[in-house]
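Put the complex together from the two separate chains, hints included.
Line order of the protein sequences matches chains A and B.
Here the first sequence is numbered in numbering that gives the first Met the number 0, starting from 0 and rising by one per residue.
Here the second sequence is numbered in numbering that gives the first Met the number 0, starting from 0 and rising by one per residue.
Worth flagging that the hints you see were computed from the coordinates, not collected in a lab.
Just so you know, not all the hints are guaranteed correct.
Claimed, not checked - The list that follows gives simulated cross-link-like pairs (lysine-lysine, DSS-like), each with its CA atoms no further than 27 Å apart:
#1 B:Lys-371 to A:Lys-235
#2 A:Lys-15 to B:Lys-393
#3 B:Lys-5 to B:Lys-79
#4 A:Lys-243 to B:Lys-346
#5 A:Lys-220 to B:Lys-346
#6 A:Lys-243 to A:Lys-15
#7 A:Lys-6 to B:Lys-68
What follows is the residue order along each chain.
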Amino acid sequence: MEVKLFKIVKRDEASKLIFFLTPILAIILTLIFGALIFYFLGFKPLEALKFFFIVPINNVYGFSELFVKATPLCLIAIGLSFCFKSNNWNIGAEGQLIFGGIVSGGVALLFYGQEGFYILPIVILAGAVGGMLFALIPAVLKTYFNTNEILVSLMLVYVSKLILDYLVVGPWSNPEGFNFPETRQFSESARMPTLFEGLRIHAGIFIALTAVIISWFVFYKTYLGFQMKVSGFSLKTAKYAGYKGKTMILLVFMISGACAGLAGVGEITGPIGQLHREISPDYGFTAIIVAFLGRLNPIGIIFASLVVALTYLGAETAQIFMQIPKYTGQVFQGMILFFLLAADYLLFFKIKFLGIKKNEL
Amino acid sequence: MNTNLKVKNITKIYPGCVANDNISLGFKSGKIYALLGENGAGKSTLVKILSGVIQPDEGQIILNNKIIKLKSPIDAKKNKIGMVFQHFNLFETLSVFENLIIDSNETRGGLREKIKNIMKKYNFNIDLDIPVLNLSAGQKQKVEIIRCLIRNPEVLIMDEPTSVLTEQETSELFSSLRQFSLEGILIIYITHKLKEVMSLCDEVAVMRKGQLISVSKIVDEKIETLANKMVGQNLKTIKKNISIERSTEKLIKISNLNFSSEDPFETNLENVNFEVNRGECFGIAGISGNGQSELFQVLSGEIISENNSIKLNNYPIGNLNPQQRREYLMAFSPEDRMEQAAIPQMKIFENVALNNFKSSNFFNNGLIDEKKIKEHSQKILSDFSVNTDNVELKSQFLSGGNLQKLIIGRELITSPELLICFNPTWGLDVGAINYIHETLIKINEQKKSIILISTDTDELLKLCDKICVIFKGKLSNIMNVEEVTSEKLGILMGGGEIV
Numbered sequence: 000m001e002v003k004l005f006k007i008v009k010r011d012e013a014s015k016l017i018f019f020l021t022p023i024l025a026i027i028l029t030l031i032f033g034a035l036i037f038y039f040l041g042f043k044p045l046e047a048l049k050f051f052f053i054v055p056i057n058n059v060y061g062f063s064e065l066f067v068k069a070t071p072l073c074l075i076a077i078g079l080s081f082c083f084k085s086n087n088w089n090i091g092a093e094g095q096l097i098f099g100g101i102v103s104g105g106v107a108l109l110f111y112g113q114e115g116f117y118i119l120p121i122v123i124l125a126g127a128v129g130g131m132l133f134a135l136i137p138a139v140l141k142t143y144f145n146t147n148e149i150l151v152s153l154m155l156v157y158v159s160k161l162i163l164d165y166l167v168v169g170p171w172s173n174p175e176g177f178n179f180p181e182t183r184q185f186s187e188s189a190r191m192p193t194l195f196e197g198l199r200i201h202a203g204i205f206i207a208l209t210a211v212i213i214s215w216f217v218f219y220k221t222y223l224g225f226q227m228k229v230s231g232f233s234l235k236t237a238k239y240a241g242y243k244g245k246t247m248i249l250l251v252f253m254i255s256g257a258c259a260g261l262a263g264v265g266e267i268t269g270p271i272g273q274l275h276r277e278i279s280p281d282y283g284f285t286a287i288i289v290a291f292l293g294r295l296n297p298i299g300i301i302f303a304s305l306v307v308a309l310t311y312l313g314a315e316t317a318q319i320f321m322q323i324p325k326y327t328g329q330v331f332q333g334m335i336l337f338f339l340l341a342a343d344y345l346l347f348f349k350i351k352f353l354g355i356k357k358n359e360l
Numbered sequence: 000m001n002t003n004l005k006v007k008n009i010t011k012i013y014p015g016c017v018a019n020d021n022i023s024l025g026f027k028s029g030k031i032y033a034l035l036g037e038n039g040a041g042k043s044t045l046v047k048i049l050s051g052v053i054q055p056d057e058g059q060i061i062l063n064n065k066i067i068k069l070k071s072p073i074d075a076k077k078n079k080i081g082m083v084f085q086h087f088n089l090f091e092t093l094s095v096f097e098n099l100i101i102d103s104n105e106t107r108g109g110l111r112e113k114i115k116n117i118m119k120k121y122n123f124n125i126d127l128d129i130p131v132l133n134l135s136a137g138q139k140q141k142v143e144i145i146r147c148l149i150r151n152p153e154v155l156i157m158d159e160p161t162s163v164l165t166e167q168e169t170s171e172l173f174s175s176l177r178q179f180s181l182e183g184i185l186i187i188y189i190t191h192k193l194k195e196v197m198s199l200c201d202e203v204a205v206m207r208k209g210q211l212i213s214v215s216k217i218v219d220e221k222i223e224t225l226a227n228k229m230v231g232q233n234l235k236t237i238k239k240n241i242s243i244e245r246s247t248e249k250l251i252k253i254s255n256l257n258f259s260s261e262d263p264f265e266t267n268l269e270n271v272n273f274e275v276n277r278g279e280c281f282g283i284a285g286i287s288g289n290g291q292s293e294l295f296q297v298l299s300g301e302i303i304s305e306n307n308s309i310k311l312n313n314y315p316i317g318n319l320n321p322q323q324r325r326e327y328l329m330a331f332s333p334e335d336r337m338e339q340a341a342i343p344q345m346k347i348f349e350n351v352a353l354n355n356f357k358s359s360n361f362f363n364n365g366l367i368d369e370k371k372i373k374e375h376s377q378k379i380l381s382d383f384s385v386n387t388d389n390v391e392l393k394s395q396f397l398s399g400g401n402l403q404k405l406i407i408g409r410e411l412i413t414s415p416e417l418l419i420c421f422n423p424t425w426g427l428d429v430g431a432i433n434y435i436h437e438t439l440i441k442i443n444e445q446k447k448s449i450i451l452i453s454t455d456t457d458e459l460l461k462l463c464d465k466i467c468v469i470f471k472g473k474l475s476n477i478m479n480v481e482e483v484t485s486e487k488l489g490i491l492m493g494g495g496e497i498v
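In isolation and in its complexed conformation, chain B is listed as follows (with noise of 0.2 Å):
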């Protein structure tokens, strides 16, 4: 195969924000190109317009030097465009077979035929017949890329497709697609990390706001050279000083705590045991989906356990509600900045007012005090430079950084002895990333304790004192950071053990 593609002059503008402000670029078969961004670079957007799921203001698509319009996610699978979403599309509770035959138009011994011949080919090792649930995420992705191969894909688009894989299954991963490439399978790779664009990728565009920032061979770049094209500027190490004199005074014990859900998507948490002491930043790795969001849960109070599960200096707060639990000074920034920790059509003060605990006295006699929740609003916007000093601007016209540090800030206006929190700069820039990091840092210094449950690796390494491993419910051994390294954490990850 000896396939083409162009795009040029891709224009697509959403409220507020060019996503992708005139991107030219060209692919040839037989190579494995990288498009590398931060989130919210415009990646996904310009996936999306090759994928037909949304249609560009302005530009062209060229495929094999004709012009293609690509009006629907069909229209694309006409093309021989072949896409792998980030996020799966498959039907959890029907079997892997099922889930391929829903958009194929062949008979069933015929598809059958075809699925196992590819399988066989490339070495997927898959039983066609039990439900999706039961795959491993690694294997989600298999079904999906099985899915594009049956309909012979002349280009295929893998969307960040490393995200939740394990190493050893990045690894697969990456095989596979040299393979493909070998057969003339145009392939495109969108990540934000670099390690993956050195490894795997022939050629690498950067995007940076919407924008193409250069386009160029893998031989010529190096990590550090990609990663200030894709941030824009040097990126600022901060670097914790880890306290020589370490307090010893406990301030949270799990002992012993159990979660069983009744939800077959939920994790239960089997036997998670953990002490943090004071001025100390206890991390949480692993990969998303081990239980972290049912761990955070429990410990937030949003899920009651057995009383004597947790301890906060010694006093059993297991069956505390997240309020009765604030009142013990503790404090909590979830995943979900939009759906859980703030909500977007309500007003600053209004979202201000969701931590409420008794001495802040924003209710008194069950009536809002709007004049007292404002004035502790503005102190918020003002002590952590949240890019507003309007109380009354509702928070969806905050930026994610800006919202993130409007939660944080009010979660540490009322000087909580721990603050827990999940992945708390996902998503967000740079610049707002190095400000929740020294702000975390700074309650460290303050002697308050920090539970950091992240799925970035590196943020865990940077600030916590402390780190294990979450993975499938259970937790690993806890490590002192000194002797945790990325690999270390990558094992244990994926399941494996550190002997």
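The shape of chain A in the complex, shown without the other chains (with noise of 0.2 Å):
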């Protein structure tokens, strides 16, 4: 005897209201898993959850804390979702942030000491072409030479890791800096201005909402847009409209760099200001995930850098007042892919009840 309560039903289209609900059904299931975490660490589940989600924002400062955070990844996320709608596979943004950093600080260093408005616009546009050449380098190598640009671009991260750490070790180290692996402060000129007295907001976030509204008229408007689409749909059926197939690939791994390389600048000139070791905390690699819960939707790329974002801020403040690791910080953010990967099955696929039925044999 068989008794079926359900069976899944391939859908006939892909749903476009489950296409957004399935990032919020992610969302929930990692909060439901993530208290039982917790349960099972041994701390009260509501408990540390409000420590995660809630506390981290529930002032100004928080608030502003947020925009720190979200402002890069939204940034970074934004970029690859040129690479990913087009079917590129740029997985090394963390580099090209980490490298956007270096020129830039670079040139910032150059200018220390020196005072005037024509400072900070020469070293953002650095560490955009610092990224963007950054990225070239998987882009070449897959167009030139048949290269896997996952596994280049992955590779490449350690390389600007290790340039970074030579330079703030050596070359570059502050000579007033007791032999710490930091270069000295940038100058005033060469900061991000804040856009409140005693917050770390700062304008970087109007580079990102410049890079969102961009993107989404690339996307929807253009001819560009639309042969991304088709890339990224079959790049069989992109070949046979003759569409320059090298070329794109070289172009949106400039954008995306350019974005990652953007965000590099926005965090050394803004809330560190000077060059050292760990300039990025794997934002670059965060923003995949931003990418994806935001469904390559600009707009959704937003809410998603939000969501994100908290994340770092609730692991803070869960390791402060809890004194639970802040890495958990990380669990969450690998909780959120893994249930958006797993709720995307809903996205072809039904559940359809059938209520109790019994088999005969």
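Written as structure tokens, this is what we have:
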């Protein structure tokens, strides 16, 4: 005797509503399982969740910090969505961020002790170019030598980290810095202006918002966006339509690298103010989660970057108040991606409830 | 052996389509049964149910008066039901023997002995230690058959086994199948080829649109009666009026065209030469996998070739990409509708925008002109009688025939001088096939040219003025259609020569 309560049926069409509901479902599941993890670790689940997700933003300072963290995530994720939409798998935004940081930091150090309104734009531009050039490496290798961009871009992350390490320990280290692995503080003219007195939220947020608007326009209104969409669905079709595949690969990697580089500029000229070993708490990797949680949609990415930024803040608060290790933040980020991928199953399949029915043998 | 197999009230429903509608059939050993039907009639679904690949929504399978449950292909194997699929399930880079031992519980020595005996008994001649990729299609199929025979099957199911075989290989297969049948193996033979049914089988069941139409003895049937049952309507025969005075104005000339691929699974093209005049339909026949796909890509510009090897109106275009070639009034209809010619997840008007050329003005200054694309799409939908007028509809909701009409319409509405199409009617129903054929004839009447690459010999004989055969990347001599017969084509397709 066999009793079937439900069965899985393929959907005729991926539902638009489900498309935007699954990220929310993923977040809810993450909260539930997060609570369970806290419970088994011996914490009160609700209290832990409160410290994780509510306490960090229950004041103005916390809100400003949320935007400080969300800015680089949003910017990088916007850049990455150019790549992901067109079937290019740039996993190395972290490296591009760091390299952008190195180049812009170098330029900022060149202007050490100088003042002038022109300094910051040059520094910003240098960061964008740096990230762009660094992203060109996997793109060129892919187009002309058929290498796998996932591996190359990922491995280049470690290259840029080591370059940064070398520079802050060696040639660029602060002469008055007692051999700490860090450079001099940048001059005031090379710093991103803050928006409010006493808060760390800075002008980088406008760069991120500009990127959101431009990307929305490119994705939905331009021939380039259309070509990216076609390539994302089927490279065979893109080839048949005659799109210049190589040019597009180079272009999306450059855009993506520039965005990551700009995120790096925002970090070092904003909250940090100098170069040191850890200019990014893996924003480049976390932004991959943001891009997918936001469904590669510019507006979605804004919300996703805020949610994920909260996990960064929550981890810090929880560490301070409950002595929960701050790496719990990464656990939450991992869970979000995990549940999102799992929930995507519902995009293509639905569960049909049959009621109780006896199958006779 | 005295096997009997029954299916009773089998029903299988897919979203939007009843693949098997209450099918009941009985089979007994000693006979060869044909399951006949067009593409999409539900034959493959029934066979997949019999081999445990999918489970029916309702119904039973009864083997030797016992109800059996087939929840996976392993269950089918346990019940001694063997199955040879249309597409081979072999690892190309492994040797024949490695392929056979993968799903076997026997020792290497024992199995080798067993295989040797089988090969000797049925006069198969295959080197067990060479990689499968070096085998011909016929030999690969024999490997699949051996895989079934190892398990001493009571039932052997063959799904469209001759679609990749030459005439010679087909007749070898038939004599093997007759021998199996004499030894008491129940054989179920799935096909849509009428001639094969007539020459091989004892009984025939015809399916159409998921339903069982008839069961009868071959001696009581004729090709025409079976054909009518299969398509459900009297076949309208269109025949092209071969124009008496042919244009001699050359449109496209292919000379010394070569392509060698780095991919061992692709076919290299060797010294391809032909010309197509205005208003002419040039056909390229052949069994699939002999370089048709590569040739199509070279002609469309997806693969770039030496610039002078392709000349359109005496202008070299060999190194132009497809978009640039469209500017020279060429149009292309690839074989793979769902994965290349169109994107099912995109809307109709977006798919129309794939054929972009300068004068269409779909994209001005890099911006999408949605209004223009939609107007253009609307015109295609009505001019080519696609079964919808909603340009916002996602293309996946179009049937194969309507999608193909959309694609052909998209390519033709720009009035190209040359249309290159590859298996344009593959998998379509008779109505859609007729429509596409009539459209292609109309293009020729307007003094536009066609290069038709097709694996359907009847289609080529019906539509073409000149025909040649592609075999292992080389073209045969070019023949006028009047001197061509399907027998001649058969010989050439198998790599033979015509004196």
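>> With the threshold set at 27 Å, check whether the alpha-carbon distance from Lys-371 of chain B to Lys-235 of chain A stays at or below it.
In response: 26 Å, holds
> Are Lys-15 of chain A and Lys-393 of chain B close enough, with their CA atoms no more than 27 Å apart?
Replying inline: 13 Å, holds
>> What's the verdict on Lys-243 of chain A and Lys-346 of chain B, does the C-alpha distance respect the 27 Å limit or exceed it?
In response: 22 Å, holds
> Is it true that the CA of Lys-5 of chain B sits at most 27 Å from the CA of Lys-79 of chain B?
Replying inline: Roughly 14 Å separates the two Cα atoms, so the pair holds.
>> Holds or violated: Lys-243 of chain A and Lys-15 of chain A, Cα atoms, limit 27 Å.
In response: Between Lys-243 of chain A and Lys-15 of chain A the Cα gap is close to 30 Å, so the pair fails against 27 Å, i.e. violated.
>> With the threshold set at 27 Å, check whether the alpha-carbon distance from Lys-6 of chain A to Lys-68 of chain B stays at or below it.
In response: 19 Å, holds
>> Check whether the Cα positions of Lys-220 of chain A and Lys-346 of chain B lie no farther apart than 27 Å.
In response: 15 Å, holds
This entry does not satisfy hint 6, going by the numbered hints stated previously; all others are met.
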